[in-house]
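From first to last, the protein sequence lines stand for chains A and B.
If you're matching positions, the first sequence starts at 27 in the working numbering and goes up one per residue.
If you're matching positions, the second sequence starts at 77 in the working numbering and goes up one per residue.
Among the clues, some could well be false.
As the list claims (entries may be wrong) - Cross-link-like lysine-lysine pairs, in silico, DSS-like; alpha carbons within 27 Å at most:
| # | chain 1 | residue 1 | chain 2 | residue 2 |
| --- | --- | --- | --- | --- |
| 1 | A | Lys399 | B | Lys89 |
| 2 | B | Lys492 | A | Lys440 |
| 3 | A | Lys301 | B | Lys525 |
| 4 | B | Lys510 | B | Lys492 |
No wet-lab data here; the hints were simulated from the structure.
All values reported here derive from a predicted model rather than from experimental measurement.
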Amino acid sequence: MDRQTVQRTREAFLSGRTRPLEFRLQQLHALKRMINEKETEISTALKQDINRSQYDTPLLELIGIENEIKLAIDKLAVWAAPRPVERNLLTISDEVYIQPEPLGVVLIIGAWNYPWALTLVPLIGAIAAGNAAVVKPSELSEYSSLLLRALLPRYLDKDLYPVVTGGVSETQELLRLRFDHVFYTGSSTVGKLVMEAAARHLTPVTLELGGKSPCYIDKNCDIRTACRRITWGKFVNCGQTCIAPDFILCEPCIQGQVVECIRQTLLEFYGADPKCSPDYGRIVNQRHFNRVIGLMEGYTPVVGGQSDASQCYIAPTVLKDVPPQSRMMQEEIFGPLLPIVTVSDMDDAIHFINEREKPLALYIFCSDKKASKKMIGETTSGGVTVNDVMMHYTLSSLPFGGVGQSGMGRYHGKHTFDQLSHQRACLIRSLGMESVNLARYPPQDRRRARRVRMALRSPLIDMSKRTFIWAVTATIIGFGLFISLLVILLIASGLNCTCWYWRGFYNYFY
Amino acid sequence: MSREQLVVQRARKSFQTGNTRRLEYRIHQLKGLLRFITERRKDIADSVKRDLGKSEHATDLFETLGLEGEIKLAIEKLAEWAAPRPVEKNLLTLLDEVYIQPEPLGVVLIIGAWNYPWAITLQPLVGAIAAGNAAVIKPSEVSSHSATVMEELLPQYLDKDLYPVVTGGVSETQELLKQRFDHIFYTGNSTVGKLVMGAAARHLTPVTLELGGKSPCYIDKNCDLTIACRRITWGKFVNCGQTCIAPDYILCEPSIQDRVVEEIKKSIKEFYTDNPKTFEDYGRIINQRHFKRVMALMEGSTVAVGGESDESQCYIAPTVLKDVTETSKVMKEEIFGPLLPIITVSNVDEAIQFINEREKPLVVYVFTHDNKLIKRVRAETSSGALLANDCLVHFTVSALPFGGVGNSGTGCYHGKHSFDQLSHLRSCLIKQLKLEGVNSMRYPPHTAKKLSWARFFLLKQVNMCRLRRMALLAIFTGLAAFLVQRFLRRG
């Protein structure tokens, strides 16, 4: 069944209808209409999947998707146009550019924590780049995936962008087929399997995986504001965000203050009983509920800790003095538990971070910009936000992706377009000027070699800043000298100062 | 612990000391590499002569010249490439510092190929060093003399812990691939490419694969055949056809096939004299195995030019095959030898269809005067690169990304592209702990009003250029008004 679907998709792509930009724009407009018209249905599906509040849905997913669509519609002509590049002497009279082209059929495997954003934002890039796409939403967000399967064919071309639902076996079946790019969001374990499957067809992959994103709080910063922002980022979507601050690193002297600030903020956000707050989510299913509860075993939380298995509810929980070797510190939490690990200072924190796998995001709360930059310089991660959490996700000009175990490739805005395109190098020469080529033909000798060496020199015109400044200065000096020369010649030739300019000049000096 | 494991461990430890983070250190290493190329020119040329029968000038032209250019470019531009790259902001981040910071990945594995043993192994190394990585270099064992010279001499010019050379065959390469790297750069064929990517998947290591394919060459009947065939002949028989971007086969209409054969014959004579075997600038097949492979491909096809061979020297004459069909043996795999088959097609539509029925190649070559035809071929086919009216030269333009697509590879390099490919481009957003009021629209408890504010801030597009222009206009208008006022008052 899936094989036929993919076959049909490929045939639809080969028909060439995605090549004209108008078609791609039309599809993007239709997608925007879907997001706007069906907001209520989408919110309902998300409430059933993960108890997302009606305001969080547009805030966290739909506005972002709409933003991306608008940007793609606005910039498509610019992104898809040929990009001229710098030439060398040999190619100085040729057309040299990079042409972005569609790859073919892209497989997009979505995740369950933000089922709409994580499936549709890659789709926007795929459509913009002129590809066909097979969309496979996560089966764990059941209502959303069924809704997507019902809605998408009503707005988009159903042959070019089919939705395939199903579980593990359907996904494995899909991965056996050949695609031109696989875009996967999810865990590192499954990421390895996806890449291995793709290797069999030499299919390039984009993997948006996870990790434990550390959050360092410097003792000399505004802890109140810092904790407010961290609390928001951590407990949004009940901690089920790939770039949520996973754990806090701070010095023992401020640990108590941090706990207090978080406690107060939680009160402000979710009230005395978060279970009753319409804005607090739930764990997606029993399995993950049990997993997260299991991480807490043996530790007494200082805030929260309550749970209710029947609702998959876990209260916002903070734990202090967590030892680095505890279970909670071995895997990505992906839940509303916030452990605090104490470190002696910033260098200790840097050392702690570097001992572990490269995370998806790094958060630093510090008022000293130099110290923040030092920390950035001595660590690595997919992205960094200083003095806030998760906001680097919202700026589409920043490439969003991981490094090492947290993933490979990146997307958002133009980066999605580039990631799902083939950047084809194009060099258009003419059949004339054959004499220029003579130096490269055999028989080779020293003289010819020297000519070739010169021809490959690049660039002819050095556009660096230094040369520009030199050129401008030289021109000004040159001009100045030229005018002085003229003046001297005029005076030397005994020009009687009858012109008013010189009279004024004379009067001024004498 | 195996030798390979030790080497990788040592490279990683050296990387973790942080020495490569400093730009001066990287430039120092790059200058060392440049000195190596210039001081050891003779050793390099000798090793290539013994491997591939290439003359000294050919080695200079095809291996070290490009390499020198890449190193010099990297040294000149390193500060620019490694600097933070500011990006466009939105309304919410107007007062923040937003940029992309290129960072080293860690330890890179570079697996070279045997056809251009120096260029293909060392050009990725230039990018690796420039990006601040450590690199384990594994030259191809098939070009054994070059591998030995590299292993012996490179450590005398580069840091031997950070950039070790590991030689060996299949089992050593497999052992290396079991280790964990931060990026693997492989040049070779698609079959091994799949194994490399599969091995990399186990550690979630990103890969750059420079593979191969059959690069088609379409000749339009209305173009200047003399010049076209000259360029094709050069591109095909350089390095005895053992170039990944060599024009693999020709597609043309039957009416011009004979002329094409004639012109190629003339060019071969011009370049390699009547007896290419004795001519210094004509190379040899790398080894017996490949010699036998290429000879076998000739079976069943009509030889129009050449066809002579000498097994003792691994010599195959520049050969043209005509009236080849798609079922001929020579069309079943990448030739990688001095056989040039000509396949006749009735028109450009059939040529495009022929190309599209096959795997995406590294390059598509088109020879024509008609620009519209070039654009058509470009729009209706896909390949790593497209080159009109010449062969191979896109390799020399370092601003063009060099790489394949589909079966011909993934990723690209040359110039800045090598640097970007072997770096991690890290997104950085530096905010301040002030202006907390703006954030209130995202905090619970949520209300419709807060949401509408959020919608405004997130969806409003800020065009910085226009704002700047308008601000400048306002200043100028103010200044003009001020000046006018003064003069009017004066008058």
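Hints violated by the structure (listed by number, smallest first): Going through the list in order, the structure violates hint 4 alone and respects the others.
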